[in-house]
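Please work from the sequences and hints to get the whole structure.
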Amino acid sequence: MSEHAPNKLQRSLMRLDEAPAFLRGFVQNIILRRAVPFTGTAGVKFVSLTPERVEVHLANEHRVQNHIGGVHASAMNLLAETATGMAVGMNVRDDCLPLAKELSMAFKKRATGGLKAVATLTAEQRAAMRASDKGEVQVKVTVTDEAGVEPVECVFTWAWVPSSRPPKN
Numbered sequence: 001m002s003e004h005a006p007n008k009l010q011r012s013l014m015r016l017d018e019a020p021a022f023l024r025g026f027v028q029n030i031i032l033r034r035a036v037p038f039t040g041t042a043g044v045k046f047v048s049l050t051p052e053r054v055e056v057h058l059a060n061e062h063r064v065q066n067h068i069g070g071v072h073a074s075a076m077n078l079l080a081e082t083a084t085g086m087a088v089g090m091n092v093r094d095d096c097l098p099l100a101k102e103l104s105m106a107f108k109k110r111a112t113g114g115l116k117a118v119a120t121l122t123a124e125q126r127a128a129m130r131a132s133d134k135g136e137v138q139v140k141v142t143v144t145d146e147a148g149v150e151p152v153e154c155v156f157t158w159a160w161v162p163s164s165r166p167p168k169n
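For what it's worth, our numbering labels the leading residue of the sequence shown as 1, then goes sequentially.
Take these hints with a grain of salt, some might be off.
As the list claims (entries may be wrong) - Here are the simulated lysine-lysine pairs, DSBU-like style, with alpha carbons at most 35 Å apart:
| no. | residue 1 | residue 2 |
| --- | --- | --- |
| 1 | Lys-116 | Lys-140 |
| 2 | Lys-140 | Lys-109 |
| 3 | Lys-108 | Lys-45 |
| 4 | Lys-45 | Lys-134 |
| 5 | Lys-101 | Lys-45 |
| 6 | Lys-8 | Lys-116 |
| 7 | Lys-116 | Lys-134 |
| 8 | Lys-45 | Lys-116 |
Derived from the structure by calculation, the hints contain no laboratory data.
What follows is the structure, given as structure tokens:
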């Protein structure tokens, strides 16, 4: 099967290749934090972005801590939502809008230190997003802490619908 043409988000990220290698990660984080401002407020770091896999990190800093010094539940949600949303965003057609539809979070253990979220999409899920202007997908996401433990189990369902605005180039 031949690879599909990159969508708007992928094309924007590909432009980073024009920047000097030592600046790419820094510039990428600035661009993505402007697109989703709350990720910048919380300090989410975009580590790896491909259409198949997205990895984001969140340090255990005061601005995202709960009353016992760990990463707050809402910040864990933000991290998982960001990873899954970017994965979907890198795969929906330019004439579509991704929307978070449903989430489930089960808190299993106390988190130690910062967190990492990794969201993945299968080839079948990616193909479905290219084939239709409307649908939904359950995105697998794993959240681990610095000790390698999964403090929370998450399931995110994303929908995509036709955009009400004409696509921009």
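Going through the hints against the structure:
no. : hint              : in the structure
1   : Lys-116 / Lys-140 : 14 Å, holds
2   : Lys-140 / Lys-109 : 19 Å, holds
3   : Lys-108 / Lys-45  : 24 Å, holds
4   : Lys-45 / Lys-134  : 30 Å, holds
5   : Lys-101 / Lys-45  : 24 Å, holds
6   : Lys-8 / Lys-116   : 26 Å, holds
7   : Lys-116 / Lys-134 : 30 Å, holds
8   : Lys-45 / Lys-116  : 9 Å, holds
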